[in-house]
Amino acid sequence: MAFFEKIRQGLAKTKKSVTAQLNGLFASFTGENEEFFDELEETLILADIGVETTTEAVEKLREITRKEGYRSGEQIQAALAQILTEIVSGGDTRLKLDTKPSVILVIGVNGVGKTTTIGKLALKLGQEGKKVLLCAGDTFRAAAAEQLTIWAQRAGADIVRHEEGSDPAAVVFDGIAAAKARGADVIICDTAGRLHNKANLMNELGKISRVIDRELPDADRETLLVIDATTGQNGLIQAKQFKEAAGITGIVLTKLDGTAKGGIVLAICDQLKVPVKYVGVGEQPEDLLAFDGDEFVEALLK
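In this text, residue positions in the sequence shown follow this note's numbering: the first is 1, and each later residue adds one.
Simulated from the structure, these hints should not be mistaken for laboratory data.
Quick reminder that beta carbons are idealized off the backbone N, C-alpha and C, glycines included.
Some hints could be false.
[What the hints assert, rightly or not] DSS-like, lysine-lysine: derived pairs with alpha carbons at most 25 Å apart: (1) K302 to K13; (2) K130 to K96; (3) K198 to K240; (4) K96 to K243; (5) K207 to K96; (6) K96 to K240; (7) K124 to K180; (8) K302 to K60.
[Stated by the list, open to error] Have a look at the derived ranges for each label pair, beta carbon to beta carbon: (9) A181 to E52: 46 to 52 Å; (10) G129 to E63: 47 to 53 Å; (11) N200 to K100: 32 to 38 Å; (12) G206 to E128: 29 to 35 Å; (13) A78 to G206: 43 to 49 Å; (14) E215 to R94: 21 to 27 Å.
Put together the whole structure using the sequences plus the hints.
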């Protein structure tokens, strides 16, 4: 199924809460009208696009409407779509995995779907002909390594794991050694989502990062932050903290099908200036979709 159709279905809850209001607004538009822009702003904020991002987008729309003299709903809808597309289209949404091996470090708080995302990514990369090795670096959560092992079996990937409570950086070190020995194309590393305080979590991520820098200094590396879309603006706060500590290269937004706050995609792209690379719209492996900004906005507004 094409991205547009999948994302349209995934945005069903968001569209149910937003589209009727937007359709009514666009249908009633006959020219520059402050009440129209106030209502549009309120509707977009309800979709969790965020106050700052919404304010900037609506102000741009005001300026364009005034300059072009728009008088129809079709014109203003097209202009809004263009503004929102520009927000979500910044940065390269493709994974850069040109070296052998390349590394994908997957981070995020517990419960957002990190392990499932890793499994789905491993399956996708395997289907592209890449030899994948999974590294069970979340040694603090009971059953994390077991879950990852199940996904490794599904994906036909190798896995390196230690006992629960082991040093995550040591697991990553052994994973890199195994990847070199076995000729793996991509190493995907799981990481802990919670230690007893945030400083410890960020220190642990820093330690893992230094191991990768030392053992694979020239390797392509993606650091993907997994965010649960249903958490809305709280997810954005998490993302800002992780970006500050870990230097993320991309976002994976999970559970987009379970939220009426799909506009969080726009807030993340605008506020973080980090591309959304994948979105999850269901439980099946094929429900992890490479992100397409143009089609996302089209599915959101139409």
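Would you list, in rising numerical order, the hints stated earlier that this structure does not obey? none
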